Every structure is written in structure tokens, then in C-alpha cells.
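**Student:** Just so you know, the protein sequences line up as chains U and P, in that order. The first sequence begins at 373 in the numbering used here and counts up by one. The second sequence begins at 65 in the numbering used here and counts up by one.
Bear in mind the hints are in silico, worked out from the structure with no lab data behind them. Hints should not be assumed to be uniformly reliable.
Stated by the list, open to error - Restricting the straight-line Cα-Cα distance to at most 16 Å, the calculated cross-link-like pairs of lysine to aspartate or glutamate (EDC-like) are:
| id | chain 1 | residue 1 | chain 2 | residue 2 |
| --- | --- | --- | --- | --- |
| 1 | P | Lys151 | U | Glu464 |
| 2 | U | Lys584 | P | Glu150 |
| 3 | P | Lys195 | P | Asp183 |
| 4 | P | Lys151 | U | Glu585 |
Said to hold, decoys possible - Each pair of labels, with its calculated beta carbon distance range:
| id | chain 1 | residue 1 | chain 2 | residue 2 | range |
| --- | --- | --- | --- | --- | --- |
| 5 | U | Asn598 | P | Asp196 | 24 to 34 Å |
| 6 | U | Asn598 | P | Pro174 | 12 to 22 Å |
| 7 | U | Gln697 | P | Arg121 | 37 to 47 Å |
To be verified - Listed below are several chain U residues computed to face chain P (Cβ distance under 10 Å; list not exhaustive):
| id | residue |
| --- | --- |
| 8 | Glu585 |
| 9 | Ile586 |
| 10 | Gly587 |
| 11 | Thr588 |
| 12 | Asp590 |
| 13 | Ala595 |
| 14 | Pro596 |
| 15 | Val597 |
| 16 | Asn598 |
| 17 | Leu600 |
| 18 | Ile689 |
| 19 | Met692 |
| 20 | Pro693 |
| 21 | Met696 |
Because the structure is a prediction, the values reported are computed rather than measured. The beta-carbon is built from N, C-alpha and C at its ideal position, and this holds for glycine as well.
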Amino acid sequence: MELFRNRLGLVLLVVMPLFMMVMVGFIYPSGGVSISNMPIAVVNEDTGFSGSTIPSQTFITTLQGINNQTGMMTLTTASSLDEVKDLVQRGELSGGIVIPSNFSQSIYSGQQGTVIIVTDQSNPQISATIQSVLTSVFDEMGTMMAQQQVQSMNPALNATSALAVVKPLNVQTQGVVPGNPSYFDFVAPGIMAMTVMMSVMTGLPVAISQEKEIGTMDGMMVAPVNRLSILLGKTLAQTARGLIQGVIILALAIGIFGVTIQGSILLVFALLLLGVFSFVGLGIVITSFTKDQETAQMLMMTVMFPMMFLSGVFFPIQQMPAFMQTISSFLPLTYASSALRKVMVLGAGVPQISTELIILVAFGIVMIAIALPVFRRMMTR
Amino acid sequence: MDATNIIEAKNLTKTFGKFTAVDDISFTVKKGEIFGLLGPNGAGKSTTLRMLSTLSRPTKGTATIGGYDTVKNDMEVRKLIGIVSEKMIIYNRLTAKENLFFFGNLYNIPKDTLTKRIDELLELVKLTKWKDTQVGTFSTGMRQRMNVVRALLNMPQVLFLDEPTLGLDPQSSVEIREFVKKLNQEQGTTVVLTTHMMVDADLLCDRIAIVDHGKIISLDTSTNLKKIISGADTMIIKLEVANLTQDIITAIRGLKCVDAVTQENSLSLHIIVHGEEAFDNIVDIVRSRNGKITSMANLQPTLEDVFLHITGHEVRDSADQKIPMEHGPKEFRPQRRVR
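Here chain U stands alone, though its shape is the one from the complex (with noise of 0.2 Å):
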């Protein structure tokens, strides 16, 4: 009822959940969803061989031609390698592509045609994009060149046989379910998992710690109830706040960033629970040891950053130091959001999950049992 009052705060509720989406999830590059039009300059300064530019202009046709399918590149002309690096330095290019003087020629003479790749370093992200495209587009232009020499030597063999001559193998990626799952998918179980834990684990020191401030908490603590039911009534409180949000962050998920969950949306509910059950202890440590809301607060900051980048959330466990790895295996988060990924994303079931499981819960009780002392002394203080 006091929620519904505080519209802010109510609007908050909502909003926070929805930043964090949009943000991570735009923000973050997701292979071609997040960079496109790059302003990339070509320079031909290809002088052909005996009068025929063939191959450039090959080269510079299967280009657009990929470009114009990915839509990554905005393709422009520039006269030399000195002015693409002037504009590239300038910021108005994110890199160019050089095609030397001697590229025919020596595609002709038997040698290998070599293309200058000028990328912006200050910018990595977008330098390795560009680098990984044009290399798919040299490897499929040269697969194509090959494949036309192979048939020009044996007329006897078609396009396919050719090909196979040419690239042995090929590789096809399949992921374990149907689909390419984006970044969103990625992240959004792990904010859920996130949100709904903070919100009991931070909610419930601040709540409290209001309450004494203002005063009401004396008023709760004279009448004939049980402490323990004070600090549950609490607890599921915010485990509804954070549930709520969950829902909110779901929602926003599957309706404006388009993941699908593959699992059981029963067990992913469960999950986040469980996920509560598992922070409630850790929650009421704090509310134990802070004594007024500004100090909940600045605890909760404490907490709440490491947890977020240690837990895989945002970024991917394994791509952290051997030191982080060994934190992040002993933060429960990692495990809720690593469960609930495999629920959401890879469809997994209860057992595929039950080491998660059992760890979270043994997390919880140890919590709840180391808890429950120190608030009782909190208390009668």
C-alpha cells in the first residue's frame, strides 16, 4: 500500500529493470546487431596488368556484394593509403581497405594478390570487426578464384566438385537448440537472477533500517509479535518487489528484445526463489550490522558491484583471471544466473541444473543459520 503512494518510486520499479536491459543490451556488441554503416574508405590503387584491373574489381564487387546483405560497412572511395589514415585519424573513417598497385599483377604472375587492411586502433572493438569481415570476404573471394581455376585446369569437374577441391572442409555451427540466441539472451537471465536477489539482499537492510529511522519499527517491536515474523514479513516483501521486477525484466525481454525462453517457465520462477532463498541470510547479516539507511546503502554499493561483474552476469566467467574465476565460483549469483541461463536459453531441466541447485541451497542455509543468531542479538540490543 505505501508502495503504490510513492509514485516515483513505483515508476522506478519499473524503469531500473528496463535501463539495465537497454543499456547492457545495446550497449554490448552482439555479433551484427550493434555495428553497422562503419564508414570504411576504399582505396584502388590497383594499376592492372597488361591494362586489365579484373581482380580489384572482382574484389571490390564480392565486397559490396557482402556488405550489402550485412549492411555493416558504408563504403566510400578514397585516393590514397595517406588520406584514408588522415580520415581515419580525423574520425570520420572506421578503417579502409588499400588494394595495392601490383594486386593484379601479381594475381596474374601466379603469386598472391596481398590487401592492405587500415583499422582504427583507438577503437578495438570496431577494428576487429572490420578485420574478421574482410577476412571473410578475402576467404570466400579466394575460394571463388580458386574454384575458377580448378575448373579452368579441369573443364571435367563442376562447381561443387571444384569447391571441394579447393576447401576440403567446411564447418557449420549448431547450437544445442534451434535458433542464434543474442546478447539479450545472454544477459537478460543473469539480470533477472541479479535484480531479484539484490532486491532482498539490499531491500531488506534498507527497509529495515528505514523503519528504526522513522521510527515505525518501535512501534512494531512493542506489540506481542515475533521478531522472526517482523524480519519474514519483510523478507517477502521485497521477495515480492523482486519478483515483481523479474516479471517486469522477463517481459521486456521476450517483448521488445525478442528471447525466447527454450525451459520450463515454472522452473526458471522456481529458480529466482530459490535464488532468494539463498540470499535472504546474506540479507539479514546486513540489516543486522547497519544501523541507519545511508549505511545500508553504501553497504549494498559494496556489495552489489562485485557481484554484478564477478558473477557472469555481464560478461562470460571464463573470460576472467584465474583469481576472479576462483571469487566468482563462491558468489551464489553466479550459480542462479547460470542455472536460470541453462533453463532460458538451452532449455535445460532439473537435472541438468541440480549442481546449481544443491549449491544454492546449501549457500542458503549455511546463510540463514549464521543469520538468524546475529539478528537476535541485533534485536535485544
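Position chain P relative to chain U; hints supplied.
**Tutor:** For chain P alone, kept in the frame of chain U given last:
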């Protein structure tokens, strides 16, 4: 246990770290009595009240309410008591009625009974009109009335009031005092209140415990406390000097027959003296310093004088004192609660 004693406190002590807030206090409160704890801020009144109302665990000593120990039988004690704390125990975003329902539900009162009682209580403090208004929009006086009736939801046998008139205008203070008096007379509710307002103590309390530095210095009825002064050869003098200077005040304070001096405004002094020559001595001092006495009167002792006489300092905060410290700088007294 004496059957007429509803509260018995024995050697109550509370320390916060090295600081002793309440130092070995013992007293009893009779059923149906209005009992006051009077003293300056930080004297340990609120802490005493919190220990009696089970909110704080005594470091040493015990207290019983209605025969129940406040630590061992805290649940039973809580059923018997209501508390009006200095911080108002109400949710600003809830309406008057919602607030009372919320706190009423904590006492397991059946819904019909509770609804009826809430209506009665709101009527009693003239808030019926505002029952569906959010409490946050109320004036301080209205909020305090809410705060008081909230404590009465469980029809407590003992009502604890912590500084009930703090921050209220005179009219609201009178209303609260009359309400408490009425409650005491009609329902027989035992009332324990803390205050640093002499009027509250004087007008309300059957017996007053004067508390200072965590100890009860004196405990008696208002009349008897005043006799401490009027019984002895102590007098209260109100002295008005047209050209009052600091020099004159210092000189008066230096007199052997003077116990305490308080400056009331730029012209007048409030002096507690003893001995027959006091009058003459003061007049001599003022005249010898070319002071023009415009008026000099012998006053009836008030509780304030009693306090001043017993403790040597005023009840009001040192910050309110217009004259420098009388007994050297007061020792540092941490304030446990923020005002």
C-alpha cells in the same frame, strides 16, 4: 511483590560502550498512577523507558510490569503496554485509519472490535473527519494525537509516553495533557512519561523522579519536591535591574548565600538563595556596582527551582542556557538519539 505496584524496576543499568546512560535506577510505580521522569536531554529518561517497554535489554538489573519480567516474559509485557515514542510511530503514506488498522492487527484484535475501537479513538482525538487522509499531510499536533491513539489500540494497562509534548504548540500540548489525564482518570491507565518540560511534570504527574546523569536524584510528589525548597531556608528571588551587567551577575554568583543564578532576560535574574542575609547581600552587591534595582520579589518555588537547587544546573539543554556554565564545563554527554 506489592500487588499495587504495576511497575517495579530494580537496579536498572544500561551502558553503551563506556558511556553509562542509566546508572542503577530502582523505583516502583503504583497501579493507576501518573509517574514522571524529569530531567535534561541525555539524562537517561528515554533509555529507562525503552528498557521498561522491552525495546532495550538492561545491561544489569531487572524490571517487571504487571509481574512479568521485561526480558524473560517480554511477550506478556508487550500485551500490557502501549508506547508513545518521541519519534512518531506512524506511516506517513498511509491514511489515519490504515495506520491504526496496521498497528491494531499486530495485537490480534478481532476485526469488528478493532474497527469499532478505531472509530472511537479517532472520535476521541477529533480526527474522524480526517480518517481517510494520508497522515503525512497532518500538522504536527494532529500527528501527535494519532501517535497517542495508536498506542491505545490494545487498551494498554500501562502507557509509556516519551516526551509527549516535544515540539508541540501550547494548545496542542494542553490537549495532549488533558487527554492523558482523562485516560488516567476514566480508564485507570497507569502512565509513565518522560519530559524535560516542568509544566508537564507539574500538571500531570502524581509522582516525579528527577533524573540526572543516569541516576534518580529525587523522587516524590510535586508538592513534596517543592517543599525541599520552601521547607529549608531557601528562597527564590526574582530581581530586575535596569542596567544589568555581566559584572553584577558574576558578583552575585560569587556570594556565599547564593545557590544558583539564571538570567531570564536582559533585565531580570532568577536567583536561588539561602540564609537571612541573602536579600541584603544581593542589594549591596548591585548598589555597589551602580545597579538600579527596579523590582525584587520572593517567588513560590517551581519544579524548575527544585531541579536547579538539587542538581545545580538547569533542566534545559546547555545550549539553551543564557549564562555560562556554573560548575565548569559540563562533561561531554553523547546524545544517543538525534533530535
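**Student:** Each hint should be assessed against the structure and marked as holding or not.
**Tutor:** These are the hints, each one checked on the structure:
no., hint, in the structure
1, Lys151(P) - Glu464(U), "63 Å, violated"
2, Lys584(U) - Glu150(P), "13 Å, holds"
3, Lys195(P) - Asp183(P), "9 Å, holds"
4, Lys151(P) - Glu585(U), "9 Å, holds"
5, Asn598(U) - Asp196(P): 24 to 34 Å, "31 Å, holds"
6, Asn598(U) - Pro174(P): 12 to 22 Å, "20 Å, holds"
7, Gln697(U) - Arg121(P): 37 to 47 Å, "45 Å, holds"
8, Glu585, "8 Å, holds"
9, Ile586, "7 Å, holds"
10, Gly587, "3 Å, holds"
11, Thr588, "5 Å, holds"
12, Asp590, "5 Å, holds"
13, Ala595, "4 Å, holds"
14, Pro596, "4 Å, holds"
15, Val597, "5 Å, holds"
16, Asn598, "8 Å, holds"
17, Leu600, "13 Å, violated"
18, Ile689, "42 Å, violated"
19, Met692, "43 Å, violated"
20, Pro693, "43 Å, violated"
21, Met696, "39 Å, violated"
Hint violations for this structure: numbers 1, 17, 18, 19, 20 and 21, all remaining hints satisfied.
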